[in-house]
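Line order of the protein sequences matches chains U and Z.
Position 158, counted from 1, in the first sequence is what the UniProt record's numbering calls 158; the numbers after and before it change by one each time, with no gaps.
Position 108, counted from 1, in the second sequence is what the UniProt record's numbering calls 108; the numbers after and before it change by one each time, with no gaps.
Keep in mind that a hint or two might mislead.
For chains that are exact copies, the list does not tell them apart, and a pair is met inside one copy or across any two.
Once the Cα atoms are required to be at most 30 Å apart in a straight line, the calculated DSS-like pairs of lysine-lysine come out as [to be verified]:
id, residue 1, residue 2
1, K58, K119
2, K323, K474
3, K474, K104
4, K421, K104
5, K104, K417
6, K225, K199
7, K104, K485
No wet-lab data here; the hints were simulated from the structure.
2 protein chains.
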Amino acid sequence: MTDIQRPEARSPRGFQDRRGSDLSAERRIIARVSEVYERWGFEGLETPAFEYVDALGKFLPDTDRPNEGVLALEDDDDQWIALRYDHTAPLARFAAQNWETLPKPYRRYAYGPVWRNEKPGPGRLRQFWQCDADTVGSDRPEADAEILAMGVEGLLATGLTPDQAVIRVSNRKLFDGLFDAGGITDTHQRLTALRAIDKFDRLGIEGVRLLLGEGRLDESGDYTKGANLPSNLIGGVETFLASVSNSEASRSEVLDTIANIGAGLGEAGDAALKELAAIDRALNAMGVAQDAVKFDPTIVRGLEYYTGTVFEAELLLETKDEKGRPIRFGSIGGGGRYDDLVARFTGQTIPATGFSFGVSRLAAALRSAGRSGPQTRGPVVVIVFSDDDMQHYLDAVSELRNAGVAAELYLGRAGMKAQFKYADRRGAPAAVILGGDEIAAGEVTIKDLDAGRAQAAAISNNEEWKAARPGQMKVARSALVSTIKSIIE
Amino acid sequence: MTDIQRPEARSPRGFQDRRGSDLSAERRIIARVSEVYERWGFEGLETPAFEYVDALGKFLPDTDRPNEGVLALEDDDDQWIALRYDHTAPLARFAAQNWETLPKPYRRYAYGPVWRNEKPGPGRLRQFWQCDADTVGSDRPEADAEILAMGVEGLLATGLTPDQAVIRVSNRKLFDGLFDAGGITDTHQRLTALRAIDKFDRLGIEGVRLLLGEGRLDESGDYTKGANLPSNLIGGVETFLASVSNSEASRSEVLDTIANIGAGLGEAGDAALKELAAIDRALNAMGVAQDAVKFDPTIVRGLEYYTGTVFEAELLLETKDEKGRPIRFGSIGGGGRYDDLVARFTGQTIPATGFSFGVSRLAAALRSAGRSGPQTRGPVVVIVFSDDDMQHYLDAVSELRNAGVAAELYLGRAGMKAQFKYADRRGAPAAVILGGDEIAAGEVTIKDLDAGRAQAAAISNNEEWKAARPGQMKVARSALVSTIKSIIE
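Let the sequences and hints guide you as you build the complete structure.
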């Protein structure tokens, strides 16, 4: 391969490697949330990473990006295929394709990476994991309530306590009502306005006002075009947002507040109120606490395909960065109803609702909150002294593995000191020493590396060290497995 | 969304959806093989789906495909990125990028989809799963032997019996010796010749002869250019292949056979023999059976980056298609040494060896052999009669879930008959019936659906049916969970 010029060893911008404890923390989230989904009767589905661009649709907020936010390429037969940007659009394609043979309602869960053609920047990843559950073919409010109750159970399963997360629920039709009253009919203008309102929690009322009007210039100097709503309608939206943003109110209190705003919301608003009231009844019947699922009409979500009810999971857990500054993770999941997404293919309306966990973001949040679970331990390392004694080392390592203990033979060519350093780097609980003396005496020396570190810290000088041999014990060769197990357990 | 024209609901050619039992069978393979890898001391790593094209390198056999077999796209900053075609090339990039801080040798395992820009066709998938383990930074034969022994344990962990799979091992340098003797120095010509030999098991000696010569026209009418070796060298290769292809011989017998061919193999051949002999000693020391890992010099593998030792796992299990015709699955995994792959980046040679399970192919093989494990069961289904009794249904379903029983509330709007059909389609073990009478009497009717099917089969007419109510039992409401558990367990 001498003819190949030397490439730089780096991964593409916006993509990350994950290993060790970080990786197992993410896998733990997926395993625990999946366990909840299965217990609630959802069936696994794995669609391929690619969809035809037309099947995927263009529902992402960042329509200013190349290919409108997706990573796409042209197939041999000149058809464009793109990597999924979520698990919902592929589900709609799958459901439409297999509707006749699927059990109805179709309840499926899915996890895996999704890809977005994000503007590269700190913390902006172009590949991240989501873990979704959806019910396709049910218009029942119990379906939405179930997704919400399950989302709450999923959040707890990841290790959060009830006070550390909340799912906020609203219905986009509340704003449809306002837009109808304001004479806004253009769907694109409505969507732009909804996406402006979606930024309420981040930009506050001033930022939203600009985005509902002509537009907004952000700190980075990027200008976002606004929805150009008439000023009286902008005022109406502001009044609405102000009157409903009370995070302490119970679900029924929020519904009362909205009802008291009254006629301004029109038919669409009344429909939204009815749907939310039905979901509240189902949530109460399921015993879902008021502070676990709140109604918050400022929630709208950025994806285009939602048709009414929308969910957003927010982390209340206070997390800090390396410098101890508080981090706001905001949304760690979301979802809602997308009753028209399957109809894109079939023409037949099939109601659907679902929720998606932002696994990568949730893992990052738990990590910086020191809640990402136990550090992963390395294997027991069997030290190598002489190739002539290889048989003894191999026997020891296979004995340990057959006893279910993760173990390995050191396969490098470095000396004993470097091998102990290696065992440390692996996070090994113990090292197994089979020197010539031990082998001759039918014994084995085992070093408890955790105990060793602890004792070593208390030792002041080299002589003491040599005398103490921190954490080391010599036992009969036949006691290898039992001794190691007593150290690990 | 009325303005969107209707797309067709289909996944791109060469991509497949996976659900239900098929999906869980693949996940079972990954879970069991990963458990083996971890017990052998390998640490998880997940690299992103994309790599820069130059970092990925071009080592695939199908260089006639667009982008030489990879799916690639141009990034915003005009750099080409491509989806990984295996887990080895990204590992080399990762190891080169992090070598200073990694424990050495670095032992990692990885699983996930890989993508190939395959010529679409039956059974030719463009996304499939692999599950790899590699040791980077060890030139020890014990490292290769360990990978092989672990591969054997992995095959057994997937549910195969020892007689149903074998890993064949060889060393490419055997042919380097022949090529040296034949005066072939061009690396591309050597690679073309190796890839011709790689097809020996599929095309037989005649096919290989054509591909070592001018070229071969296959059934589909595609012409593959040959290696254009001189005829005497082709003869030499044929003699070699003929003399060594004896699947009954022990590892040491194969080495003797090769040794007896003698000088023809030259220095490279002698080196290959030494390496294979050392691996044989280590395999014996690890107690790896002769029929679990065989030496077979006809094995070469198609990927360019292998530098010497190569592995190939073959399924011996006889499998049949729907029409009962025997299917040949051939290779269900492979690997080998790639001592130059990290050096591509750093210039510093870092020896490496690894093995990859073809998870998707292995799952397909186990499936058609009826060895893919238990069918996945659906949840217990709680039947819905009247919205007024919703509270009773919800209480029942949450009681079951809290007891760890997968259960769901039927969320459609169809009648009782359709709900039982639904429960059947879900593969539900039982249905829970809470009619008005049951609720009033503090009872619940439970239908054991498996028993029901069995008894129903024995019933001849409708009257009998009504009388028998196959599989149904009425118990006290308080006995719901215990009765369901007795049906499931």
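Against the structure, the hints:
1. K58 with K119: Both, since 17 Å and 28 Å are each at most 30 Å.
2. K323 with K474: Neither: 45 Å inside a copy, 63 Å across copies.
3. K474 with K104: Answer is between; shortest inter-copy Cα gap is 27 Å, intra-copy 65 Å.
4. K421 with K104: between (58 Å within a copy, 10 Å between copies)
5. K104 with K417: Close across copies (13 Å), not inside one copy (63 Å); limit 30 Å.
6. K225 with K199: For K225 and K199, only the intra-copy Cα distance (14 Å) is at most 30 Å; the inter-copy one is 60 Å.
7. K104 with K485: between (50 Å within a copy, 26 Å between copies)
In summary, the structure is inconsistent with hint 2 from the numbered list given earlier, while agreeing with all the others.
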